[in-house]
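Engineer: Spelled out from the first residue to the last, the chains are:
Protein chains: 2
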Amino acid sequence: MKSTPANYNSWIDEYHQGIRYGMEGKILINEKSTFQQITLIESKRYGKGLLLDGCWMTAEHQERHYHECLVHPAICSAENLHKVLIIGGGDGGTARECLRHKEIEHLDMVEIDGRVVELSQKYLPTLGGQAWNDPRLHLKIEDGIAWVAKANDNSYDVVIVDGSDPEGPSKGLFNKSFFNNCKRILRPGGVFATQSESPEAFRKVHIETVRILREIFEFADPLYGWVPMYPSGWWSWTFASRERPRYKNPIAKRAEFISKECEIWSIRWQQGAFDAIPAFIERELSK
Amino acid sequence: MKSTPANYNSWIDEYHQGIRYGMEGKILINEKSTFQQITLIESKRYGKGLLLDGCWMTAEHQERHYHECLVHPAICSAENLHKVLIIGGGDGGTARECLRHKEIEHLDMVEIDGRVVELSQKYLPTLGGQAWNDPRLHLKIEDGIAWVAKANDNSYDVVIVDGSDPEGPSKGLFNKSFFNNCKRILRPGGVFATQSESPEAFRKVHIETVRILREIFEFADPLYGWVPMYPSGWWSWTFASRERPRYKNPIAKRAEFISKECEIWSIRWQQGAFDAIPAFIERELSK
Numbered sequence: 001m002k003s004t005p006a007n008y009n010s011w012i013d014e015y016h017q018g019i020r021y022g023m024e025g026k027i028l029i030n031e032k033s034t035f036q037q038i039t040l041i042e043s044k045r046y047g048k049g050l051l052l053d054g055c056w057m058t059a060e061h062q063e064r065h066y067h068e069c070l071v072h073p074a075i076c077s078a079e080n081l082h083k084v085l086i087i088g089g090g091d092g093g094t095a096r097e098c099l100r101h102k103e104i105e106h107l108d109m110v111e112i113d114g115r116v117v118e119l120s121q122k123y124l125p126t127l128g129g130q131a132w133n134d135p136r137l138h139l140k141i142e143d144g145i146a147w148v149a150k151a152n153d154n155s156y157d158v159v160i161v162d163g164s165d166p167e168g169p170s171k172g173l174f175n176k177s178f179f180n181n182c183k184r185i186l187r188p189g190g191v192f193a194t195q196s197e198s199p200e201a202f203r204k205v206h207i208e209t210v211r212i213l214r215e216i217f218e219f220a221d222p223l224y225g226w227v228p229m230y231p232s233g234w235w236s237w238t239f240a241s242r243e244r245p246r247y248k249n250p251i252a253k254r255a256e257f258i259s260k261e262c263e264i265w266s267i268r269w270q271q272g273a274f275d276a277i278p279a280f281i282e283r284e285l286s287k
Numbered sequence: 001m002k003s004t005p006a007n008y009n010s011w012i013d014e015y016h017q018g019i020r021y022g023m024e025g026k027i028l029i030n031e032k033s034t035f036q037q038i039t040l041i042e043s044k045r046y047g048k049g050l051l052l053d054g055c056w057m058t059a060e061h062q063e064r065h066y067h068e069c070l071v072h073p074a075i076c077s078a079e080n081l082h083k084v085l086i087i088g089g090g091d092g093g094t095a096r097e098c099l100r101h102k103e104i105e106h107l108d109m110v111e112i113d114g115r116v117v118e119l120s121q122k123y124l125p126t127l128g129g130q131a132w133n134d135p136r137l138h139l140k141i142e143d144g145i146a147w148v149a150k151a152n153d154n155s156y157d158v159v160i161v162d163g164s165d166p167e168g169p170s171k172g173l174f175n176k177s178f179f180n181n182c183k184r185i186l187r188p189g190g191v192f193a194t195q196s197e198s199p200e201a202f203r204k205v206h207i208e209t210v211r212i213l214r215e216i217f218e219f220a221d222p223l224y225g226w227v228p229m230y231p232s233g234w235w236s237w238t239f240a241s242r243e244r245p246r247y248k249n250p251i252a253k254r255a256e257f258i259s260k261e262c263e264i265w266s267i268r269w270q271q272g273a274f275d276a277i278p279a280f281i282e283r284e285l286s287k
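As given, the protein sequences belong to chains F and G, one line each in that order.
So the first sequence is numbered by our numbering: it starts at 1 and just counts up by one.
So the second sequence is numbered by our numbering: it starts at 1 and just counts up by one.
Calculated directly from the structure, the hints in this document are not laboratory data.
Keep in mind that a hint or two might mislead.
Identical chains blur together in the list; that is why a pair holds if it fits in one copy or across any two.
[What the hints assert, rightly or not] Distance condition first, Cα-Cα at most 27 Å in a straight line; then the derived BS3-like pairs of lysine-lysine:
hint : residue 1 : residue 2
1    : Lys150    : Lys248
2    : Lys102    : Lys204
3    : Lys171    : Lys26
4    : Lys140    : Lys83
5    : Lys204    : Lys48
6    : Lys171    : Lys32
7    : Lys44     : Lys204
8    : Lys122    : Lys183
9    : Lys83     : Lys176
10   : Lys287    : Lys260
11   : Lys140    : Lys44
12   : Lys260    : Lys32
13   : Lys122    : Lys32
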């Protein structure tokens with residue numbers, strides 16, 4: 001049960017309810033921003049990685065598991081893609097996946113912590129990639145909750161929430177008032193997307209998030225996938241839309257172009273991931 | 001990034017390629033059998049747990065993630081259920097899920113390490129549950145590879161392989177000669193099932209296993225699910241059959257009866273789990 005580190009001098013672990021997930025590596029940066037503790041590491045297995053308040057956020061060779069699954073079900077199914085909003089997503093991965101879609105004309109990305117953006121640009125340049133220099137990207141270092149509260153009705157074709165667990169700066173990204181604003185600013189034919197935690201490690205928050213979204217939008221469904229570094233490795237993203245569950249039917253032309261370069265996401269994978277709802281969650285949601 | 005253990009005095013970790021997954025707990029038993037190192041722990045999060053050669057095998061409150069997904073796709077879809085074979089499965093969880101099906105008349109379970117059975121019966125009694133006392137269970141402490149080599153042609157309706165990673169006593173459960181025998185002893189209308197490792201943490205073995213099974217049987221498909229304690233948390237099981245991919249169509253009557261009591265498995269979940277093949281594996285398998 002022992003391993004022999006070679007050139008890596010420690011284990012960096014996230015602790016969660018009696019479980020830990022660790023990567024062998026070394027700490028590059030460990031500092032406190034206005035909002036949170038930011039840690040950057042160099043890991044043996046997954047390249048450079050980012051933790052916020054001691055929780056794994058992303059790593060160079062494991063980030064597509066998360067970003068592809070958050071972005072493409074929404075972007076591939078919205079009626080139009082003129083204007084898109086990302087709340088959070090400071091590492092740049094969500095913006096990068098969005099901007100692979102040439103139809104997007106204007107992308108607002110509202111991240112509360114400018115230091116996360118600066119450090120990601122410096123240490124995790126492949127996350128944002130060309131997105132940081134794309135003239136369609138409009139980066140605002142502001143509070144995303146205030147942003148959606150003041151944004152005009154019907155102003156975005158897609159709204160994507162890429163925040164961390166509902167603690168610290170992300171706490172307000174999981175409640176009715178926030179989701180109501182997300183719906184209000186969404187154009188007809190638009191799609192809403194949010195990461196919605198683990199059905200195993202954050203079961204209560206996960207179920208509550210799906211329930212609230214079903215109350216607010218006409219349609220909302222969770223999709224289940226894998227992010228090994230997150231608690232339990234079992235993750236979910238929830239999509240919502242009005243009139244019909246638009247997110248279940250990606251537009252073939254957009255999807256084919258994108259999935260050729262994807263690690264995880266494909267139309268087939270997405271169909272499966274919406275169906276792969278564990279029996280205990282399905283029973284809970286039907287109550 | 002620190003936690004404060006209360007009544008649990010250590011972290012028990014599995015190390016795999018620069019990653020570790022640990023449970024807070026205490027070691028109850030740590031002994032070497034003829035075949036392997038057997039460790040039993042009491043964990044804070046998932047109850048009692050079992051490790052073999054330092055690798056997580058099962059835990060009381062996480063075992064159904066694995067056992068339901070290995071057993072029900074096969075058992076629910078085979079034409080008949082007169083006689084079933086399990087290779088491995090010493091903790092008893094696979095036998096328990098099988099014997100929930102009243103149609104099974106005779107279940108041979110061939111486990112190489114009698115000590116795993118004894119310790120599981122003592123420390124993990126809920127794993128096997130009533131299976132240990134079920135007169136339909138015929139437990140043999142023998143080498144499963146030799147068992148399938150000597151078994152008669154067309155002698156089982158379902159063959160389930162519940163072994164650990166392809167190291168130590170499980171090494172021979174992942175090759176052509178073994179799988180050929182599994183096919184030979186399977187009756188027409190029968191279904192074969194094996195755990196087939198993680199598409200992330202054991203990518204090469206996973207792909208190779210699916211390829212060999214496709215070569216040997218007419219049809220073989222991987223199904224993807226979650227076992228948080230296994231490397232990457234992302235796990236697969238592969239099912240195979242002749243004439244048609246029978247495992248994709250569970251018999252409704254059997255499935256409905258069973259899924260009511262399942263944590264993970266349902267017909268819908270299974271359909272999704274077969275489709276949720278990540279793009280990188282789908283491309284690799286189509287080469």
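Engineer: Please sort Lys171 with Lys26 into within, between, both or neither, judging by C-alpha distance up to 27 Å.
Structural biologist: The answer is neither: 29 Å in one copy and 34 Å across copies each exceed 27 Å.
Engineer: Can you give me the call for Lys122 and Lys183, within, between, both or neither, at a CA distance of at most 27 Å?
Structural biologist: Cα proximity of Lys122 and Lys183: none, with 34 Å in one copy and 55 Å across.
Engineer: How do Lys44 and Lys204 come out at 27 Å by Cα distance, when the copy is not named: within, between, both, or neither?
Structural biologist: Between copies only: 19 Å across chains, 33 Å inside a chain, cut-off 27 Å.
Engineer: Reference check for the pair Lys287 and Lys260, CA-CA at most 27 Å: within, between, both, or neither?
Structural biologist: between (39 Å within a copy, 15 Å between copies)
Engineer: State whether the alpha carbon distance between Lys102 and Lys204 is at most 27 Å within one copy, between copies, both, or neither.
Structural biologist: This pair counts as neither: shortest intra-copy Cα distance 38 Å, inter-copy 35 Å.
Engineer: At 27 Å max between alpha carbons, let me know whether Lys150 reaches Lys248 within a copy, between copies, both or neither.
Structural biologist: neither (30 Å within a copy, 50 Å between copies)
Engineer: Regarding Lys140 and Lys83, is the shortest C-alpha distance of 27 Å or less found within a copy, between copies, in both, or in neither?
Structural biologist: Classified as within: same-chain Cα gap 15 Å, cross-chain 65 Å, threshold 27 Å.
Engineer: Should Lys204 paired with Lys48 be assigned to within, between, both, or neither, using CA atoms and 27 Å as the limit?
Structural biologist: Result: close only across copies, 24 Å inter versus 31 Å intra.
Engineer: Measure nothing new, just compare the shortest in-copy and cross-copy C-alpha distances for Lys260 and Lys32 to 27 Å and report within, between, both or neither.
Structural biologist: Result: close neither inside a copy nor across copies, 39 Å intra and 49 Å inter.
Engineer: Regarding Lys122 and Lys32, is the shortest C-alpha distance of 27 Å or less found within a copy, between copies, in both, or in neither?
Structural biologist: Within one copy only: 17 Å inside a chain, 49 Å across chains, cut-off 27 Å.
Engineer: Within a copy, between copies, both or neither: which one fits Lys171 and Lys32 at a CA-CA cutoff of 27 Å?
Structural biologist: Cα proximity of Lys171 and Lys32: one copy only (18 Å, versus 48 Å across).
Engineer: Measure nothing new, just compare the shortest in-copy and cross-copy C-alpha distances for Lys140 and Lys44 to 27 Å and report within, between, both or neither.
Structural biologist: neither (33 Å within a copy, 43 Å between copies)
In this structure, the hints that do not hold are numbers 1, 2, 3, 8, 11 and 12, in rising order.
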